[in-house]
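Protein chains in written order, with our numbering: chain A, 136 to 429; chain B, -8 to 323.
Keep in mind that the hints are not guaranteed to be accurate.
Below, simulated DSSO-like cross-link-like pairs (lysine-lysine); rule was C-alpha separation at most 27 Å, straight line [what the hints assert, rightly or not]:
(1) K260(B) <-> K250(A)
(2) K1(B) <-> K205(A)
(3) K1(B) <-> K206(A)
(4) K260(B) <-> K234(A)
(5) K201(A) <-> K10(B)
(6) K302(A) <-> K191(A)
Since the hints were derived computationally from the structure, they do not count as laboratory data.
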Amino acid sequence: MEGVKKSYGDFEVLKGIEFSVKEGEIFGILGPNGVGKTTLFQTVLGLLRQDSGTIKIKGTEHTQSKEIKKKIGYLPSDISFYEGMTARENLEFFTELAKTDPDLDDLLELVGLEKDSDRAVGDFSTGMKKRLGIAQSMIKDPEIIIYDEPTTGLDPQGKKAFKDLVKKINRERGKTVIISSHITTEIDTLCDRFAILSDGKVEACGTRQELNNETDTDSYIRLKTDDVEASEEILEDMGLEYEAGKKKFEILAEDDIRSELFDRLMEKEIEVDAFEMEEETLETTYLKLTGGGK
Amino acid sequence: MGSMWDIGRKQLEDSFSSKKFLLILGLFLVLSMGSVYMGVEEYNQQMENFEGGSNYGPAPEKPSLIDVFGPLVGLNLPLAAAILALLLSYDSISREREDETIELLLSYPIYRDEIINGKFVAGLFTVATALLIAFTASSGLAIYLTGVLPTAEQIFRLVFLWQGSVIYMGFFFGLGTLLSVILNSSWRALITGLVVLLLFLATPFLSGIMADTIYPIETDNPGVSTGVSRSVSAGGAVAVQEVGIPNREENKRQEIYDKRENFVNQVSKFSATTSFQNFASTMLGTDYEGETGLKPTVWENLSSALGYLIFLLSETLLMFTGSYTLFMRQDL
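Okay, chain B solo, but in the shape it has when bound (with noise of 0.2 Å):
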């Protein structure tokens, strides 16, 4: 532990003492408040509808606070906390080799877990504490701008938030450190790690179009498909009649739809970025499709998010295994 410590908090001054760092954290943080900034705007427009009720139509609804943080959480979380997490660990191993102090620094009464697992644990705070800068700054940005204080269960939203988003930057910082530990070369680790995240990006649009190559619509009549209907009169006479058979071919057509969609989301589930993205969706309550029309609880949307988030904390968990593995294995 005492080890492990060492070299956490080396990495954690590494970090916070880093021009790099600073930059890619200001940056971050101002494209965070930038987002929620957008959102205000989102929210005070909605606002003035619902204020102003509607003459034809159903009533606006009111927006919620928390709908101000939909443009962070849906584009410049995955986006650009991904490259944070990645630029924090694309060199966390490789440069101790290209450096060439991974040497010396073994020589001493350390073991080789307790380096690795100090970089890990120093990432994961680093990351949770970047999040908790932005999320901190963003709600009192939102707060500010639409003066409007969130409930408790806008509180609890947010915090579900922001630790599916640690592990989302987990994940990257897993990823970053394997290639970490795979590639020679710092800088191949950290361009392996972008094109991966462009990857993610792409996934859904990516899986549509397998989807559509695997699962063609042959016909050319998108409308109605003839068919012959016989009847027999009552003096035995048989009449024929060409009629249209909609049904049957919609089915068929239903059908592929179907299995592009579920083909879709099947591979999506490999992406991170995409679970990353339904979990937050479904925690900002702004997917949803009740029977009643009310809007689900924070528990409600939780228990539908967990799946997602069990899937991308296993991924995450995945990436550290995999460094720790390899790490473990390998000479010097």
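The following block holds chain A by itself, in its conformation from the complex (with noise of 0.2 Å):
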């Protein structure tokens, strides 16, 4: 996307969203709600036509022509079907519509949906209205798929769960997956990179470690040993800043030297239980980014 703008009358909501998206990728769009996510979407899909700039998918300039709604899958975030419809019929309406020939029973069931296939829609929670959003999003058989806010209204089970699918559609199935959320927890471990958008524009781009660089937001990593001495000199060796616990330390990395460190603790032979990067740390490079952390 190149400086891609949007106004409703004269609220300027998107004010020149420039970022990119790799292919096979999971992509998270993060922002505060009415910062311009859901319209930014609708562009794209040519549901809306841009005030200016460019979107190319796969080379190609978006035209709002058929063939690009065709390699995009799309979950809205209030998913809604034709609820006096069974969720087998709102697929195979779809189908009709995307004129493809999907087999309805595997989308069905990657979805945990084959039992409930023949129950009306308007009987089903809102979880599993998500899903069959999720199967319907892989009926056009497309490159890319958004789920916009996918995880509002789920349950931490439904969450979970809709995280899992997600990964399975993206490594299994081959798809570039772009989702958006304004609550970064819900997206961080699922994402390999993040837009941030504020105030109609992307703030910042790339990897957590990227973001985290570009604001000077500090990541931790958390050691949990028995073999504490040894595991404090090559610390020191390092010359990393740590705070040290009963078994456990809390080591400053402003780089992201997980990899250095944990060949040189493998390399003494030191026992590791537990060895991970500091987990809030995309939380606070969001709240600084989008004037939430001041």
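Take the two lone chains and join them into the complex the hints point to.
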């Protein structure tokens, strides 16, 4: 996307959006409510026409054509189906519109709705509708799938099930996935890269580590081991700042030193019980960039 | 064409599987057949009079089988058919918005116009089918009750009446769709549509009141007004006599009545219901004033009714064009 702008009357929602998504990755778009995430997706799909800027999908400029829509699967934030129709009938209807011939049994099985396929969607819970929405997004066998705030309204089990499903779709079916959310913790472990939207612009774009670097957000590595003395020797030898607890270390990592540190620990044959990066850094970065962390 | 057909087919399936639609269609059929039953009663009465002859005055005219459709096209169709058409269309677009299915629908390889065109075509097909069922059932009932088979001319008249009725229902289907596009709420669209229907039904009455106000008759004496007549005798004497001048005042009154009638006719043209009623009564051949006293042929009637039909068709096309244009310009 290059310089994409979109206004509603005098209100400018998108003020020159620029980012790119790599093929085969899971890309997260983070931003507070009302920042324009849905408008951005609707523009990509051609449901809205941008005022200026270009959108290219696999090098082809977006022209609101049917061809573009064939390449993109979409799950709107408030997914709604024809409630009087069954799950299968809904999928059949969208299959007719898509002019494709997907294996609906396979899709229903993928999302775990094979036993509920002949029930009216009006009787479905929010989680079941979301899962049906995921199956619907696969009908076109698209190259790209867009999920707009997909975890909204889901309980913790539903959120976990959704993440597992998206990973499966990305890895096993080779789909490029774009997900939006205003809650970092819901997609931070799922996405390879992120774009952070604020005030109608992309404030930052990249991997979690790149975002941390951009905002000077410190990362921490949590190390848990019984071999405290040997571990401390390595940390001091590497010149790292750390806080030591009982069999635990919290190590400040300005750069991604995970593999170097891990190799050194292995060389000394230190038994590692836990070794992980601080998980809250994306939240911190996000808050800094969107002005919520002041 | 493909996606338009998919949308249209879904619309048809929704309509014909909807309890609401089937209930209203059933009611419409019952009313249609009830209207024809009333028409048959009247027909039988006229037939008895005709067969009995008359001892005084002109001989009663032989009734025609087509006369039994008078109550159907004069009362039932203008009201019930319009309501049925509104019920089919008031939520055609707004429901997609209310249920938030429009965003998902448009994310598929489909153009916006395929959605609205699909709904139009399906709607017209539905109203045409509903009317065909009503006309066929009513005709069957009329034949069964009277034991008289229609002539070819009467069949032609019924076919033209059916076509005019489809256009009339098409107008209200278009109106419902337009309101569904403009208004955010389906219920507001339905209520607004019903208000428009009531206004159309009341147009001749309302325009009559307006005409009375615009063109009042000011004189208190409705009879003869007075004037002065002067005559000069051979001797030069002048005789002055007060006399009545009926013609001048009556002409003035007639002029006002003509203006009123013209005003009512012009205003009523904007009522699709009045246009349809005028078309229908002309096609039934019940409204005729011929110098020969002979009933006009179906083609003569069609020629007279064509103006109403064209006006009705124009109004229907206006509704569809308005709906299409607005829907195409709207954001989601």
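Right, here's what the structure says about each hint:
1. K260(B) <-> K250(A): Outside the cut-off at roughly 59 Å; violated.
2. K1(B) <-> K205(A): Given pair K1(B), K205(A) holds - Cα atoms ~21 Å apart, limit 27 Å.
3. K1(B) <-> K206(A): Judged against 27 Å, a Cα distance of about 24 Å means the pair holds.
4. K260(B) <-> K234(A): violated (46 Å)
5. K201(A) <-> K10(B): violated (35 Å)
6. K302(A) <-> K191(A): holds (25 Å)
Checked against the numbered hints above, the structure violates hints 1, 4, 5; every other hint is satisfied.
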